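Asker: Protein chains in written order, with this note's numbering: chain A, 1 to 344; chain B, 1 to 325.
Be aware that one or more of the hints could be misleading.
[Unchecked claim] Where chain A lies over chain B, by a calculated footprint (3+ residues, C-beta under 8 Å):
hint: 1; stretch: 47-55
hint: 2; stretch: 89-103
hint: 3; stretch: 214-223
hint: 4; stretch: 232-240
hint: 5; stretch: 255-261
[Stated by the list, open to error] Have a look at the derived ranges for each label pair, beta carbon to beta carbon:
hint: 6; chain 1: B; residue 1: A55; chain 2: A; residue 2: T283; range: 45 to 51 Å
hint: 7; chain 1: A; residue 1: Y205; chain 2: B; residue 2: R135; range: 40 to 46 Å
hint: 8; chain 1: A; residue 1: R196; chain 2: B; residue 2: P305; range: 57 to 63 Å
hint: 9; chain 1: B; residue 1: E54; chain 2: A; residue 2: E41; range: 20 to 26 Å
hint: 10; chain 1: B; residue 1: A312; chain 2: A; residue 2: G284; range: 23 to 29 Å
hint: 11; chain 1: B; residue 1: D166; chain 2: A; residue 2: P321; range: 31 to 37 Å
hint: 12; chain 1: B; residue 1: G319; chain 2: A; residue 2: S247; range: 30 to 36 Å
hint: 13; chain 1: A; residue 1: S319; chain 2: B; residue 2: E306; range: 31 to 37 Å
hint: 14; chain 1: B; residue 1: I180; chain 2: A; residue 2: I332; range: 48 to 54 Å
hint: 15; chain 1: B; residue 1: L309; chain 2: A; residue 2: A64; range: 51 to 57 Å
hint: 16; chain 1: B; residue 1: G319; chain 2: A; residue 2: R196; range: 55 to 61 Å
hint: 17; chain 1: B; residue 1: R230; chain 2: A; residue 2: A64; range: 28 to 34 Å
hint: 18; chain 1: A; residue 1: R38; chain 2: B; residue 2: A312; range: 21 to 27 Å
hint: 19; chain 1: A; residue 1: T283; chain 2: B; residue 2: A189; range: 38 to 44 Å
[To be verified] Straight-line C-alpha distance at most 25 Å; calculated SDA-like pairs for lysine to any residue:
hint: 20; chain 1: B; residue 1: K272; chain 2: B; residue 2: V245
hint: 21; chain 1: B; residue 1: K311; chain 2: A; residue 2: R70
hint: 22; chain 1: B; residue 1: K133; chain 2: A; residue 2: D69
hint: 23; chain 1: A; residue 1: K65; chain 2: B; residue 2: K133
hint: 24; chain 1: B; residue 1: K311; chain 2: A; residue 2: S23
hint: 25; chain 1: B; residue 1: K311; chain 2: A; residue 2: K65
hint: 26; chain 1: B; residue 1: K311; chain 2: A; residue 2: I158
hint: 27; chain 1: B; residue 1: K133; chain 2: A; residue 2: A64
hint: 28; chain 1: B; residue 1: K133; chain 2: A; residue 2: G67
hint: 29; chain 1: B; residue 1: K133; chain 2: A; residue 2: D183
hint: 30; chain 1: B; residue 1: K133; chain 2: A; residue 2: I158
Read the hints as simulated data drawn from the structure, not as lab findings. Please read all numbers here as calculations on a predicted model, not as lab measurements. Positions of the beta carbon are idealized from the N, C-alpha and C atoms, including for glycine.
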Amino acid sequence: MTAPTEPHPKPGPRKTRKTRKTSMVKALNGALDLAMERFPEMFLIGESIGELGGDFGVTRRLWAKYGADRVRDTPLSEAAIIGTSVGAAMVGMRPVAEIMFADFLGECYDQIVNNAAKLHYMFDGQFSAPLVIRTACGAGFGGGPHHSQSVEGWFMNIPGIVIVAPSNPADAKGLLLAAIESDDPVLFLEHKALYRSRAEVDPGYYTVPLGRAAVAREGTDVTVVGTMRMVPMALEAAAVLAGEGISVEVVDLRTIRPYDAETVVESVNRTGRAVVVNEAPGTGGLGAELSARIHEECFHRLSGPVGRVDALDTPIPFSVPLENAIMPNPAIIADAVRRQMGRS
Amino acid sequence: MDIGRQLDLYRDMWTIRAFEQGLEREFEAGNVPGMLHTGLGQEATQAALAAHLEATDCFFPDHRCHGLNALAQQRHGGDGRSIMAELFGRATGVCSGKGGSLHSADPSVGNFGDNAVEGSYMATVLGVALAYKLRRQDRVACAVIGDGTVGRGEFHESLNMAAIWDLPVLYACLNNGYAISLPAAQGLASADIVDLARGYGFPCVQVDGNDIVEATEAVATAFDHIRSGRGPYFIEFITWRWQGVFSGEFRSDEEVKYWKVDHDPILMAAEKLLRLDVPEDRLHAIESAERERIEEWIRFAKDSPEPDLAKATADVYIGWEVAGR
Ligand SMILES: Cc1ncc(C[n+]2csc(CCOP(=O)(O)OP(=O)(O)O)c2C)c(N)n1
Ligand SMILES: [Mg+2]
Numbered sequence: 001m002t003a004p005t006e007p008h009p010k011p012g013p014r015k016t017r018k019t020r021k022t023s024m025v026k027a028l029n030g031a032l033d034l035a036m037e038r039f040p041e042m043f044l045i046g047e048s049i050g051e052l053g054g055d056f057g058v059t060r061r062l063w064a065k066y067g068a069d070r071v072r073d074t075p076l077s078e079a080a081i082i083g084t085s086v087g088a089a090m091v092g093m094r095p096v097a098e099i100m101f102a103d104f105l106g107e108c109y110d111q112i113v114n115n116a117a118k119l120h121y122m123f124d125g126q127f128s129a130p131l132v133i134r135t136a137c138g139a140g141f142g143g144g145p146h147h148s149q150s151v152e153g154w155f156m157n158i159p160g161i162v163i164v165a166p167s168n169p170a171d172a173k174g175l176l177l178a179a180i181e182s183d184d185p186v187l188f189l190e191h192k193a194l195y196r197s198r199a200e201v202d203p204g205y206y207t208v209p210l211g212r213a214a215v216a217r218e219g220t221d222v223t224v225v226g227t228m229r230m231v232p233m234a235l236e237a238a239a240v241l242a243g244e245g246i247s248v249e250v251v252d253l254r255t256i257r258p259y260d261a262e263t264v265v266e267s268v269n270r271t272g273r274a275v276v277v278n279e280a281p282g283t284g285g286l287g288a289e290l291s292a293r294i295h296e297e298c299f300h301r302l303s304g305p306v307g308r309v310d311a312l313d314t315p316i317p318f319s320v321p322l323e324n325a326i327m328p329n330p331a332i333i334a335d336a337v338r339r340q341m342g343r344s
Numbered sequence: 001m002d003i004g005r006q007l008d009l010y011r012d013m014w015t016i017r018a019f020e021q022g023l024e025r026e027f028e029a030g031n032v033p034g035m036l037h038t039g040l041g042q043e044a045t046q047a048a049l050a051a052h053l054e055a056t057d058c059f060f061p062d063h064r065c066h067g068l069n070a071l072a073q074q075r076h077g078g079d080g081r082s083i084m085a086e087l088f089g090r091a092t093g094v095c096s097g098k099g100g101s102l103h104s105a106d107p108s109v110g111n112f113g114d115n116a117v118e119g120s121y122m123a124t125v126l127g128v129a130l131a132y133k134l135r136r137q138d139r140v141a142c143a144v145i146g147d148g149t150v151g152r153g154e155f156h157e158s159l160n161m162a163a164i165w166d167l168p169v170l171y172a173c174l175n176n177g178y179a180i181s182l183p184a185a186q187g188l189a190s191a192d193i194v195d196l197a198r199g200y201g202f203p204c205v206q207v208d209g210n211d212i213v214e215a216t217e218a219v220a221t222a223f224d225h226i227r228s229g230r231g232p233y234f235i236e237f238i239t240w241r242w243q244g245v246f247s248g249e250f251r252s253d254e255e256v257k258y259w260k261v262d263h264d265p266i267l268m269a270a271e272k273l274l275r276l277d278v279p280e281d282r283l284h285a286i287e288s289a290e291r292e293r294i295e296e297w298i299r300f301a302k303d304s305p306e307p308d309l310a311k312a313t314a315d316v317y318i319g320w321e322v323a324g325r
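Build the full structure now, drawing on both the sequences and the hints.
Answerer: This is the structure in structure tokens:
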């Protein structure tokens, strides 16, 4: 697929109206509220998203404001939740579905993969599926094997689906609004460990473009690429490494499919070194894809092989020390960067 | 039912039979790629549905519904040649050859497309029906399903959700006795599927799907019920498919004879019409006219160009282009 051609926005003070520190949950809630106001054809659907406001509170107060027709509680019927969303999208509505935990996407995998992702293509453009599937993913709280997974790899091999994965509240809001505006089906990954992270968030309506990475920190020695929780971890590692005289550039992919290879390649061609960080197991996932792409496109500019930091190739154990033992962390990322610099 | 209407339905059944027989011949000659499932033997149920579905309604056809797809086009101002061409994978097909037999859609006549993952649209139909309901449109969203799909979780998710939300869904379940080779009596807790559906609390009926009058009247009643805002409706059509399995016939000679001769929907309808003093010539003329029409569609399909190769990478996304080689 073609990479985006415009240059990504450089970091710097975003032009905002009134700003205040907002959690990712609140930022997402604000995005849904603004979109529900703006798009009468939009509705929310999921398990206990109504009066309760969802397991994590992302839809809080929307049921009271918009009513049960537009904020729809469902039984434990994930295939029907996504099927309903796809069918409604086929006739011009804009559903935003919540699958409580990403681990349950298997229950509606067929609707996403064989239906939402393919119908525009296989029916020759006669139908489209402008739906958003929000879901809570990721580890970091002892959720165990069925409440902690990073699922992007399950979907990366599926043409037709867009996968969005924000790392901070401001991006989360703008990306969610862009996802709702998008005419393509979007899988919107919300990392549970980031839900309570806080940042300044513009209270107004704005979008962050899909398919575009952001440079979360500029640097000159090594490029670290990651998404979601791996971005704050990489930033933490970068801060430590700065004290050792190593300048790390952190690229936050933000959209995983179709992803912004141009920004990644440009950065690595500049620094000549790359570390790819990924919370999922390393085999066959995002880390593997990025590593392969960088090797293909930056080979002659690289000082050595791309470094990789992934979760270990295991399911996710319940015990927190065991979970920590299989997960990446800032120290492991920093070590991988030092190895790139020949300083291990 | 008056004779004129019965004759129309008789003609529609012949459209389906001629379509499928012509297609089967071309498939065997190697002119049709992929797999072929025909609606032979199930013409009455499909004709009954086609007679009631408006272009503003929605139906999800199953893998044996080529005839229904063609009839929908005919009834709503076109003809079925782009359905035929799609089966040949041609540029003039209803999906430019990208869908084929198992993924033919034509929203302009309410055809929302088959899904080769059998029965998956039992979930999708809910969303179309929900949109109709929220917009206060008196429309019907119909899922045509086989007995085999009753084994899927989506069957139960769908009937449950249609019931709790009172959605305008018609489940048209074609019980032809088998899923591939598995008898319904062996694969389902009740071989009378209607009894499984009844637990969800909306009207469920079982009819002779090979009796065109009975089938049509059942569909009419269901449409009245749904259009008047009274929620979902389930019809189990008892029928039988001529096609065995890919490797051949697996059913007893006796069973085959019963369904193909004694209880064939077209022969049954013809007998009824003859008893009403419709001349035999008239019935023959209907058959020949339909066979001719279908041959013309087949010629059209075969004369049509293959799709432009640029189609291979078109329409993957709306917001992005996918690169070619
Ligand atoms: C989900 C799924 N499982 C299996 C198949 C393979 N398959 C194709 S047709 C079929 C039988 C379907 O039986 P039924 O619904 O009774 O339809 P019939 O062919 O008898 O008309 C099966 C198992 C499929 N296409 N989709
Ligand atoms: Mg069957």
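Asker: Now, for every hint given, state plainly whether the structure supports it.
Answerer: For each hint, the structure was consulted:
Counting residues of the stretch 47-55 of chain B whose C-beta sits closer than 8 Å to any C-beta of chain A gives 0, which falls short of three, so the coverage hint is violated. Look at the stretch 89-103 of chain B against chain A: 6 of its residues bring a Cβ nearer than 8 Å to a Cβ of that chain, three or more, so the hint holds. For the stretch 214-223 of chain B, the proposed coverage by chain A is not satisfied: 0 residues have a C-beta within less than 8 Å of a C-beta in that chain, short of the threshold of three. Only residues whose beta carbon comes within less than 8 Å of a beta carbon in chain A count, and the stretch 232-240 of chain B has 0; fewer than three means the coverage is violated.
For the stretch 255-261 of chain B, the stated coverage by chain A is violated: 0 residues have a C-beta nearer than 8 Å to a C-beta of that chain, whereas at least 3 were required. Against the hinted window of 45 to 51 Å, the Cβ-Cβ separation of A55 of chain B and T283 of chain A comes to about 50 Å, which satisfies the hint. A hinted range of 40 to 46 Å for the beta carbons of Y205 of chain A and R135 of chain B is inconsistent with their spacing of about 25 Å. Separation of R196 of chain A from P305 of chain B is about 59 Å and conforms to the stated range, judged on CB atoms against 57 to 63 Å.
Between E54 of chain B and E41 of chain A the beta carbons are some 22 Å apart, a value that agrees with the proposed interval 20 to 26 Å. Taken as a hint, the range 23 to 29 Å holds for the pair A312 of chain B and G284 of chain A, whose Cβ atoms sit roughly 25 Å apart. In this structure the supplied range 31 to 37 Å is violated for D166 of chain B paired with P321 of chain A, their Cβ-Cβ distance being about 51 Å. With their beta carbons about 35 Å apart, G319 of chain B and S247 of chain A fall inside the hinted range of 30 to 36 Å.
For S319 of chain A paired with E306 of chain B, a C-beta distance near 59 Å fails the hint of 31 to 37 Å. Take I180 of chain B and I332 of chain A: their Cβ atoms lie about 51 Å apart, and the range 48 to 54 Å holds. Checked against the given bound of 51 to 57 Å, the beta carbons of L309 of chain B and A64 of chain A, roughly 54 Å apart, stay inside it. Separation of G319 of chain B from R196 of chain A is about 31 Å and departs from the stated range, judged on CB atoms against 55 to 61 Å.
Restraint check, R230 of chain B to A64 of chain A: a C-beta distance of roughly 30 Å satisfies the suggested window 28 to 34 Å. Restraint check, R38 of chain A to A312 of chain B: a C-beta distance of roughly 36 Å breaks the suggested window 21 to 27 Å. The hint said 38 to 44 Å for the Cβ distance between T283 of chain A and A189 of chain B, and at roughly 41 Å that hint holds. Our distance criterion of 25 Å between C-alpha atoms is broken by K272 of chain B and V245 of chain B, whose separation comes to about 32 Å.
Our distance criterion of 25 Å between C-alpha atoms is broken by K311 of chain B and R70 of chain A, whose separation comes to about 37 Å. With a C-alpha separation of about 10 Å, the suggested pair K133 of chain B and D69 of chain A falls inside the 25 Å cut-off, and the hint holds. Our distance criterion of 25 Å between C-alpha atoms is met by K65 of chain A and K133 of chain B, whose separation comes to about 21 Å. In summary, the hint linking K311 of chain B to S23 of chain A is not supported, as the alpha carbons are separated by about 44 Å, beyond the 25 Å threshold.
For the suggested pair K311 of chain B and K65 of chain A, the alpha carbons sit about 45 Å apart, so the restraint of at most 25 Å is broken. Restraint check for K311 of chain B and I158 of chain A: the C-alpha separation of about 18 Å stays at or below 25 Å, so the hint holds. For the hint linking K133 of chain B to A64 of chain A, the alpha-carbon distance of about 21 Å falls within 25 Å, and the restraint holds. Between the alpha carbons of K133 of chain B and G67 of chain A the distance comes to roughly 15 Å, so the proposed pair stays at or under 25 Å and holds.
Annotation: proposed proximity of K133 of chain B to D183 of chain A holds, straight-line Cα distance about 23 Å (limit 25 Å). Note on K133 of chain B and I158 of chain A: the hinted pairing is violated, with a Cα-Cα distance of about 32 Å set against a maximum of 25 Å.
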